[in-house]
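K.L.:
Protein chains in written order, with our numbering: chain Z, 23 to 343; chain X, 82 to 511.
No lab work stands behind these hints, which were simulated from the structure alone.
It should be emphasised that the depicted structure is a prediction, and the values quoted were computed from it without experimental measurement.
Treat the hints with caution; some may be incorrect.
Unchecked claim - Estimated spans, in silico, between C-beta atoms of each pair: (1) Z/I282 / X/S263: 34 to 42 Å; (2) Z/T150 / X/R240: 51 to 59 Å; (3) Z/V91 / X/A291: 43 to 51 Å; (4) X/D234 / Z/R306: 56 to 64 Å; (5) Z/S143 / X/A291: 37 to 45 Å; (6) X/A236 / Z/R306: 57 to 65 Å; (7) X/L311 / Z/A60: 53 to 61 Å; (8) Z/T150 / X/S113: 54 to 62 Å; (9) X/A120 / Z/W38: 56 to 64 Å.
No residue lacks a Cβ here, since even glycine has one placed at the ideal position from N, Cα and C.
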Amino acid sequence: MPRFELGSYVEAFILWLLQNAGALFDGIGAVITAVVEAVTVVFTAPPWWLWLALLVVLALLVRGVGFAVFALLGFALVSSFDLWTETMETFGLVLVAALIAAAIGVPLGIWAARSRAASRSLRPVLDTMQTIPAFVYLIPVVLLFGIGVVPGIVATIVFSIAPAVRLTELGIRGVDSEVVEAAHAFGAHPRQILREVQLPMALPSIMAGVNQVIMLALSMVVVAGLAGADGLGTIVVSAVTQLDIAAGIEGGLAVVIVAIFLDRFTSALADRPDSSLLAKLRARRATAPTASTTAAPAASSGAANRPAGAAGVAGVGAGAG
Amino acid sequence: MSTLDEKAPVATGTASPMIRVEDLTKVFGSGSSADEAVALAADGVGRREIQERTGATLAVHDVSFDIAPGELFVIMGLSGSGKSTLVRLLNRLIEPTSGTIDVDGRDLGSLGDGDLRTLRNERMSMVFQHFALLPHRTVAQNAEYGLQIRGVDAAERRRTAEWALEQVGLGDRADALPGQLSGGMQQRVGLARALASDTDVLLMDEPYSALDPLIRRDMQKLLVRLQRELRKTIVFITHDLNEAMLLGDRILLLKDGRLVQVGTGPEILASPADDYVAEFVSDVDRSRVLTATDVIHEPRITVTLDERPSDVLVRLGKAEATGAYVVDSEHRILGVIRDDRLGHAAATGATSIDRSALVEEYRTTEPDRPLIDLLHQVGRNPVPLAVVDGGRLTGVVPRGAVLAALSTHPEATHPAATHSDSTHDRNGNV
Numbered sequence: 023m024p025r026f027e028l029g030s031y032v033e034a035f036i037l038w039l040l041q042n043a044g045a046l047f048d049g050i051g052a053v054i055t056a057v058v059e060a061v062t063v064v065f066t067a068p069p070w071w072l073w074l075a076l077l078v079v080l081a082l083l084v085r086g087v088g089f090a091v092f093a094l095l096g097f098a099l100v101s102s103f104d105l106w107t108e109t110m111e112t113f114g115l116v117l118v119a120a121l122i123a124a125a126i127g128v129p130l131g132i133w134a135a136r137s138r139a140a141s142r143s144l145r146p147v148l149d150t151m152q153t154i155p156a157f158v159y160l161i162p163v164v165l166l167f168g169i170g171v172v173p174g175i176v177a178t179i180v181f182s183i184a185p186a187v188r189l190t191e192l193g194i195r196g197v198d199s200e201v202v203e204a205a206h207a208f209g210a211h212p213r214q215i216l217r218e219v220q221l222p223m224a225l226p227s228i229m230a231g232v233n234q235v236i237m238l239a240l241s242m243v244v245v246a247g248l249a250g251a252d253g254l255g256t257i258v259v260s261a262v263t264q265l266d267i268a269a270g271i272e273g274g275l276a277v278v279i280v281a282i283f284l285d286r287f288t289s290a291l292a293d294r295p296d297s298s299l300l301a302k303l304r305a306r307r308a309t310a311p312t313a314s315t316t317a318a319p320a321a322s323s324g325a326a327n328r329p330a331g332a333a334g335v336a337g338v339g340a341g342a343g
Numbered sequence: 082m083s084t085l086d087e088k089a090p091v092a093t094g095t096a097s098p099m100i101r102v103e104d105l106t107k108v109f110g111s112g113s114s115a116d117e118a119v120a121l122a123a124d125g126v127g128r129r130e131i132q133e134r135t136g137a138t139l140a141v142h143d144v145s146f147d148i149a150p151g152e153l154f155v156i157m158g159l160s161g162s163g164k165s166t167l168v169r170l171l172n173r174l175i176e177p178t179s180g181t182i183d184v185d186g187r188d189l190g191s192l193g194d195g196d197l198r199t200l201r202n203e204r205m206s207m208v209f210q211h212f213a214l215l216p217h218r219t220v221a222q223n224a225e226y227g228l229q230i231r232g233v234d235a236a237e238r239r240r241t242a243e244w245a246l247e248q249v250g251l252g253d254r255a256d257a258l259p260g261q262l263s264g265g266m267q268q269r270v271g272l273a274r275a276l277a278s279d280t281d282v283l284l285m286d287e288p289y290s291a292l293d294p295l296i297r298r299d300m301q302k303l304l305v306r307l308q309r310e311l312r313k314t315i316v317f318i319t320h321d322l323n324e325a326m327l328l329g330d331r332i333l334l335l336k337d338g339r340l341v342q343v344g345t346g347p348e349i350l351a352s353p354a355d356d357y358v359a360e361f362v363s364d365v366d367r368s369r370v371l372t373a374t375d376v377i378h379e380p381r382i383t384v385t386l387d388e389r390p391s392d393v394l395v396r397l398g399k400a401e402a403t404g405a406y407v408v409d410s411e412h413r414i415l416g417v418i419r420d421d422r423l424g425h426a427a428a429t430g431a432t433s434i435d436r437s438a439l440v441e442e443y444r445t446t447e448p449d450r451p452l453i454d455l456l457h458q459v460g461r462n463p464v465p466l467a468v469v470d471g472g473r474l475t476g477v478v479p480r481g482a483v484l485a486a487l488s489t490h491p492e493a494t495h496p497a498a499t500h501s502d503s504t505h506d507r508n509g510n511v
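One chain only, chain Z, in its complex shape (with noise of 0.2 Å):
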């Protein structure tokens, strides 16, 4: 059996790439640097205290008491291990990496819901890129964008990207084919379709699928922090290579803080709890007497469909108060 050289046949195409296309990569490189500065700033520069309560208070909006309780606590947590400034950086990291994951997978999964060709050369394509070890196209792409920032989005996005494909894709193939013939038998154009019946309806598969990807881009943090990447993988990092177990459990805690509240708040926005303070400030508008016929379609959200038990909730709410 012949060795077939592989692998020395793609470390000449890196390098090929490297010496003939070193200003695109430098391009991008700068871009994605400038955009996750910008980021990393606005949830830096406030104080502490500020980015607190607001965190706290979206908590409140989107789900409730108990997970502002929850983020009040954590994230005081994180703070008391002086792990602020860090925390605050992987937020921006993993908020970026899954914001551009999002934004091409979200596409590839319409167009494979769409043409079954796609799928199907989509499907191994993805399965490569979440199973092969990170380490293995950490070396390329650190070789191409330089150490840094760049690179841990760039690997965050290759591994955490599938989920935002495979669930749009799921999601679209799941609408009920009898409201999209619906659409067509009333004359809809394929775009309308897609855009007023496909993807509102595959919404909360989408938005799992997002979930999902934030998840996986947590879990990379380490990885990117080896590449470079400023935020909590730096700490984990220096943990693990000095052995210190204090630095590293500390770190480690503050990922998974981060984590149950990226997965909470993002999955609160798919499910829309009842609980929510949102809900219930849709529910007192939809059964205040002036409601008129615009605002109603604003209180059509499921959770305003049990006005009289909200309302119930928010009053005893407000006792407690």
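Since the structure of chain Z is provided, determine the placement of chain X on it from the hints.
P.N.:
Quick look at chain X alone, frame taken from chain Z:
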């Protein structure tokens, strides 16, 4: 027992058909196997054998029919008969393998994508078995869907949607979500969506099959009422022959993708095209399908006021009757004259009938009343039930004619005869 209101009369006449279908065939399968299947089907090979030999499914084969404007046309068949495919061929949700469909004179097959979308949006709307509403939109937003696609401005579209919802009895649920409504109410929204589009043609794919029997009955009444007011061209798909007979101006029977018979309900009842149809119609509740017109008789005797009572008595005797309708020159019923009163008048030597001698011992009905409504009216008076159309006496329905119609069998020797006889006895003895 409740019955439906009268049907709207069939719109026949000189108008060209709203929908004309010619030699329509649909085969599901890849190119070569489909061609082979079409060839086999033309030789009269059955659907199952075609499936085994080519792998292609013959869904609809060589079907032709016309639908008149304003007609409620029912396509009836059991599951797998190709009826759902056929209705989807009518708006090209499914592309035909061969054959043509003209809608109001336009050949559907010649339309490009854009023109086809315009035609679907402006000329044909559709109601679906499982409602097919957008769950994230309110009832009103669902109802205005067709208009939204048409680009109608928001205020007008809302107005039209509210009108349509009013028509189907959901005026107060405009801002509810479909998920909050029962199945019957959701289908009302489906109907409102079709009505709001204000298209000439309404395709209804088994719209009531997923509903409870009582709700279904309400929805059938609603459709009959709406159709009387709006006069759409409706293609209604069902697997329920009673529903077909109840609603359809004409019925197309489909079996294994092939047309078996087209005709009005009474026509199909009276002369089924083959054993399959005969067996089928043996289960039909004739008392709801046949109307007074189907059993109408020329009155044996009618009388005018200026006749000599003694002459009338003679005629009554010949007709073996004990009373007769007295009509004016316009054939309007003035009342009934009984033989005993005639006897008195004849004894006094009167030369004409005195109006005060007339009695009100008679009942009337309209020509399109189903027999079930007549059962308790016939045989109660000395004169048979009068059929009155536009105030005029057009004929009578003797009790015997009703009972005969309910127990008549198109083919007395048919194996299903015993079964259906018992059905008819039951109806006859109500």
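K.L.:
None of the hints should be skipped; say for each whether it holds.
P.N.:
Here's how the hints hold up against the structure:
no.	hint	result
1	Z/I282 / X/S263: 34 to 42 Å	40 Å, holds
2	Z/T150 / X/R240: 51 to 59 Å	56 Å, holds
3	Z/V91 / X/A291: 43 to 51 Å	46 Å, holds
4	X/D234 / Z/R306: 56 to 64 Å	31 Å, violated
5	Z/S143 / X/A291: 37 to 45 Å	39 Å, holds
6	X/A236 / Z/R306: 57 to 65 Å	27 Å, violated
7	X/L311 / Z/A60: 53 to 61 Å	60 Å, holds
8	Z/T150 / X/S113: 54 to 62 Å	37 Å, violated
9	X/A120 / Z/W38: 56 to 64 Å	58 Å, holds
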